[in-house]
Amino acid sequence: MSPVWLARRLLLMVYTVIIVCVLVFAITQALPADAAQTLLGENASPDALAAVRARLGLNDPVWLQFAHWASRAAVGNFGVSMRTGLPVAPEMLTALSRSLLLALCAIVVTLMVGVPLGIFAALRQGRLTDTVTSLVAYLGVSLPEFVTATVLTLVFSDRLPWLPATGYVSPLEDVAAAIGHLALPVLTVSVILVAHVMRMMRSETLDVLQSDYVRAARLKGLPERIVVVRHVVRNALLPVITIVALDVGYLLGGIIVIEEIFAIPGIGRALMIAITTRDLPSIQAGAMIMAVTYALTNTAADVVYALIDRRIRYD
Amino acid sequence: MIELLGRLVRKPQGAIGVVLLVLLAFACLLGPWLAPYAPEKMDFLGRFRAPGWQNWFGADQFGRDVLSRLLVGARSTVPMALAATLIGSASGAVIGTTSAYLGGRADEFIMRTNDAIMAIPGLLMALLLVSTLGNGAGNAVIAIAVAFAPGMARVTRAVALAVRNQDYVKAAIARGEGPGWVILREMLPNAMAPIVIETTIRVSFAIMLFATLSFLGLGAQPPASEWGLMVADARQYMHQAPWVLIAPSAAIALAAIAFNLVGDGLRDALNPRDER
Amino acid sequence: MRPALAISNYGLDYITSAGPVPVLRDISLEIAPGEVLGLVGESGSGKSSLAWALMRHLPANACEKGGSLALGDIDLQRLTAKQLTQVRGRRLGMVFQDPSTALNPTLTIGRQVTEALARHRGLRPREADALAIELLGHVELRNPAALMRRYPHEISGGEKQRVIIATAFGCKPEVILFDEPTTALDVITGARILDLFTRLRTETKVAALYISHDLAMMTRTADRVAVIKHGLVVEQAPASEIFRRPRQADTRALVAAVPRPERRLVHDRPEESVLLAANQIEVHYARRGLLRPAPPPATNAVDLTVRAGEILGLVGESGSGKSSIARALTGLARFSGDIAFAGRTLRSGDDMDRAYRRDVQIVFQHPDSSLNPRHRIGEILSRPLKLYGGNPVDVARLLEQVRLPASYASRWPHQLSGGEKQRVAIARAFAARPKLVICDEITAPLDVSVQAQIIELLLALRAETGAAYLFITHDLNLIRQIAHRIAVMRRGELVDCLPVEAFDADHVHPYTRELMAASPTPVG
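Chains as they are written, first to last, in this note's numbering: chain A, 18 to 332; chain B, 3 to 278; chain C, -16 to 507.
Derived by calculation from the structure, the hints in this document are not laboratory data. Heads up, the beta-carbon is just placed ideally off N, CA and C, and yes, glycines get one too. Hints are not guaranteed to be accurate.
[Unchecked claim] Which residues of chain C face chain B? A few of them, derived with a C-beta cut under 8 Å, are:
1. 267
2. 313
3. 317
4. 337
5. 340
6. 345
7. 347
8. 353
9. 354
10. 355
11. 356
12. 359
13. 367
14. 368
Please model the complete structure; the sequences and the hints are all you need to start from.
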């Protein structure tokens, strides 16, 4: 990995963030919401509205508004919430930390379950275990989060009163309660992620199993156990980083629904509330934070992959 | 075409997928006639009636027949997802093919921007667009189409680039064929198969996404018996009548599975691996 | 004395959806200790299947039809999976066709050599390392201790093959199978691998089954040669005799198809007038980008002239830039420099008008990708006719010209064999009645017998139409049979451009001489 490659990759990330900025600003501009009206309420006088508009710079040309907004956003200032009157960015970051806890738990479960299952299914290709796991994986990727969430709640909270159906407890306050409240949301995300990662790992492992170097290892007289551990699993594990980084994109979308259903005060729920109340600064901050998180994860994944996989030669 | 269908149904996965698709098509085309009751017909004596001979899939909080609502609701779910996918795929395909054909710096610029747009999660993009355009099924379709286009552009470009490097395309360029012939007659027919496969699989995502938007109250609006909406309605009664919840959930899952199975089946049927 | 390897009356079928397909029939071969048996056959003859059968690595749809496979006193077919790991590598080694895929990309070279040594010779890690370094040095790899720590992508194809050979010999097996070990390598690299093999076999007295499609090379490598066709061994003879006195008709046909430079197929002289002159051609594949300098040009100021009716050979190894020249001349790659043709000077692909494109046609290397799979043969051939003002009913005439039945017009490309597809591609080029046809390695993927037919066809078409050829190839023996002049390229530079008669003289470029030495001509 050369410095030039790293520089190009970072530049690409910056470009991504700029494009996302433009998009988020453009979409929120088009929102049928008058910031001044939202602030002052339905009964505000025309004079008061005009004054607020002038103060917020709403009469400036769009590009100037964008320049103001982007320069403030660059230092993490997204303005104050129209709903609560509090600064948006700190609130959103607190929400993000709760979401990240959920996401991290889900990724750990996924790696611990999905990766081994995928490799196992590939090694037993065509047998019953493979067929069953593949069918379950199909079901997993074909269920929207709200269906999985609802069915899981029905089983583990309604029929079997084991877990709380909604709510959030900080792990700093009560670890046991926090785990209980996180269990169903994590399970829900994991069903989909495990199914997806499992399918990718299975096909990856099958490709490695059919490679010439695995055949060569067998024909060297190595026992099957060593062939599998040293030659198959090792190579099949390489793309895990890329797969997981891609799934972060899904996760960010998925938590919007999941936090809504389980009433978790994370960034997804905050965004959902912002969207329904047309709270422009909160929408902008939430969307930007999500996109930047995704861009960061992908860049990090590319860098880690480049460090691990020595085959990639960058010019 | 018939040969392809034959290869598709030879494997059990493909056959199951095709059967499910045919059932879906029946529900969409003939739903209102197949339904035993009118979807809005209330029956207060039959509130939360369990599945049985009167209501095969049970009845909901107003005594409406769940099966009838599902059959009628197919129309407000599956065609919407199909439309969204087709619009998204078509625009993505145009962007991807153009990018591949232009090549060089234009290609790099288009694809980098495309990748940047993909940094916004699909559901978030759809949510933002729906809130801009306003709630409703039609707007949800547009939002999903826009959210799908960048991903489709990426896939199409990869396919188009691979085809462009084939010797028969080089031969056509070398003998002086115009861009119209090269794109339409030499490249496109050979790029179609992967695009069709990808589109089929994406329909299942569209079904889930559309149902999700409706579930969140942003897509189809009551009194439509859209499946996501039915799940949202049934959630509060899940304690009394889980069947009202399970039937539309299963319908969404089966529809998504159907398109997934057919898409994967098409992939196998179009790229037969060698027999070794 | 008991043979090192004995195959008797062995048969093998592959079960396909269309029923069982016989692959090997009644094969009986014996290899004495220390002997090298060459197994020669064209693609699909079953020669590789025999190697897989011996290694007990058959595909799931294989069905053995009697006979026996014996390695010394071991019946290979009766081995259990556990016993097999004691035989593979330790008593029966194998060297593979493509060294670039036979090594695990994520393990160091050292690890991949020592894992076999440790297992089969019962060595401790440190002893295995020491032995591996010694073995790598013995196969003429420089600085073996450093090489042990490197990864496969950091070394060349020839070096990888040496690593694999070192591993195979290092376990001291009784027999080693070589499955086309030089086919995936460049001519000169392949010749050096062959020299290594010859040295190691005299040193170790190992017995070997050497599989190849190249009869000429085999006569220099093997003690005895067996010719296999459609799963049957048609002839076995000492290597020195197979070329001189082939007894069977099949062997005679194979021998006749092998290119031999002393047997010229073209006897006329080209005209003096220059048809095409390329001056200072440099081919560029990418421009400079953001934070990325432009890559160096694929060719370095190449000058080339083709006379009317001439066959100009363009020879070089992979990556020498010979195909880039073809792309530049047909406007498929960006180039600097200029091309003089028919009184005009072209400076870029945009200058190539219909008349130029009509006069200069190209035939590509891979028959599978040069015909659009969604077009019927008739449509493929009628397109240039329409474009250059021919009559679409001429399709039948074109097919006849390349010795194909007129009924092929309604077929799809996938219904044709590789040789037939290449004939269609040639017909498509000749539909334009060109003055120059560029043949870019068009015989490389074909068997020698098919190659000979294609060459015969090209020469007949030239006699009919008077077209000139720019014939790009890596096969020096083949091009010396047909070319008037031969240009030699190496790493983007044109190193030699000589009349074919001058090739035996002393003043050729050292690289050309090396290339000639590496091109095996048949012994006998």
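task: Taking the numbered hints from earlier one at a time, note which ones the structure violates and give those numbers from smallest to largest.
output: Numbers 1, 3, 12, 14 - these are the hints that the structure violates, sorted from lowest upward.
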